Amino acid sequence: MKIFQVESPLVATARIRGLELHRMLVVREQGSTKKQVAVDPVGCKPGDWVIACGSSAAREAAGHKDYPSDLTIVGIIDFWDDEPPPEEERQGEPELYVVESATAAAGDGGRR
Amino acid sequence: MKIFQVESPLVATARIRGLELHRMLVVREQGSTKKQVAVDPVGCKPGDWVIACGSSAAREAAGHKDYPSDLTIVGIIDFWDDEPPPEEERQGEPELYVVESATAAAGDGGRR
Amino acid sequence: MKIFQVESPLVATARIRGLELHRMLVVREQGSTKKQVAVDPVGCKPGDWVIACGSSAAREAAGHKDYPSDLTIVGIIDFWDDEPPPEEERQGEPELYVVESATAAAGDGGRR
Amino acid sequence: MKIFQVESPLVATARIRGLELHRMLVVREQGSTKKQVAVDPVGCKPGDWVIACGSSAAREAAGHKDYPSDLTIVGIIDFWDDEPPPEEERQGEPELYVVESATAAAGDGGRR
Amino acid sequence: MKIFQVESPLVATARIRGLELHRMLVVREQGSTKKQVAVDPVGCKPGDWVIACGSSAAREAAGHKDYPSDLTIVGIIDFWDDEPPPEEERQGEPELYVVESATAAAGDGGRR
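Chains as they are written, first to last, in the working numbering: chain A, 1 to 112; chain B, 1 to 112; chain C, 1 to 112; chain D, 1 to 112; chain E, 1 to 112.
Hints are computed from structural coordinates only; laboratory data are not their basis.
Quantities reported herein were computed from a predicted structural model and do not represent experimental measurements.
Any given hint could be a false lead.
As the list makes no split between identical chains, a pair holds if one copy fits it or if it spans any two.
To be verified - Using 25 Å as the maximum straight-line C-alpha spacing, the simulated DMTMM-like pairs for lysine to aspartate or glutamate come out as follows: (1) LYS34 - ASP66; (2) LYS65 - ASP81; (3) LYS65 - ASP78; (4) LYS34 - ASP81; (5) LYS65 - GLU20; (6) LYS34 - ASP78.
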């Protein structure tokens, strides 16, 4: 899975059939400026750091084998410091990254 | 899914069997100069900004599991500003990107 | 699908079983110098510009689901100008790229 | 399969269903600074050099076809020298890299 | 399929179940310095230039659909000149690359 930051929703009145169940989000991969579009079964909001999976697993993650997604968000990272620590610090004890609890159909309300 | 701009149709009198249902378009990925070819079940025209999905989901998106596509357009983005905003503005409120309504078999007529 | 130019055949007396049906070609991706090897169910010759599909669709394109290919040629482009046009010209009317007719098992004879 | 170094666990109280069986680790690909997240059915600890597989094989490697992973660790490399040897030495006899024994559900205790 | 040079075996006493049938090799992609690990059903030795396939075809190539490989060697190239010829020469007649005969379960003995 790769790490992305959510940029903005992509309102999609028109999609091919099969993409109707979930909304799509414009996301930016960690360490890159290129934008991609991910299916969001979790309920993220702009600024969230998330993990998303691609390949055929993106179909599974979206809920069923026939869902035509190649990038699906599978979890929200509670804390992500995108600035790499200085080189000496990287030799030390690795910190834990905590992913907050959410159900697959959760909305945004009350998460922070 | 990744973001592409449609460049031109690719008239394909000859393809392997199984590629007969949809037409193919030469597309250029956002932020790149490299051209790829996408299957178009939606009905795009040159200049359109679209989202296309790859991997095994491209087969699903093209209509059935046996369709030999690894890049299929799944939606047309109504507005896409390819120029990145200045750095300060990126901290502000993210804007919505609207995808216009279209059915899977729609033609080009009357969309704009 | 991506765009490749055929470089040369790769005579393969020995392959794993399952690769026996089609021949393999050394191809070079458009805009790159890296060589790859594609399965050719169409019948290309060196110099041809072709479209090839990867991912799981490469198996479908090679004829059946069990064919162990991750890059299969699906069509020959009749005309491909690899030189990008000058920037002003790119704003104009896009040209059509024509793919010549060929059957999946066609040989090289008489195509040009 | 690609070679990664484990950086830290990613505590995931909340994931989509289906990701519940295994924990996830932040990993860094050999020769890169970009971080990814891998599913760990083996039992690695920070600093370990591992091999992980992607694509649809990541689902198989995680234990069953429906597991929504696109990157799964499949083995721990006992010795990996990330510094490339000087050019002359590379012409010599290649050394063996040994992967230590572990069962799929093994913990960290007593491995070193 | 991509072109790799075999670097060294990777002795794997411990792997997840399902990786037991074949050995793994450290390989380096042609034109790159990055190392990957490939499953070898053919029987290669260090220095060999090989073609390997990825994606879901790597599972097929390894012998059955459940094999968790995302990179499997499918043939040994008899002659591969990694030095690109000078630019004028590239316009000339393309040479043939010959892949030597080997069965899927062959060992190293007597091949050279």
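We went through each hint and held it up to the structure:
1. LYS34 - ASP66: Cα proximity of LYS34 and ASP66: none, with 27 Å in one copy and 29 Å across.
2. LYS65 - ASP81: For LYS65 and ASP81, the Cα distance exceeds 25 Å both inside one copy (34 Å) and across copies (33 Å).
3. LYS65 - ASP78: neither (28 Å within a copy, 29 Å between copies)
4. LYS34 - ASP81: both (19 Å within a copy, 13 Å between copies)
5. LYS65 - GLU20: The answer is both: 15 Å in one copy and 18 Å across copies each meet 25 Å.
6. LYS34 - ASP78: both (23 Å within a copy, 19 Å between copies)
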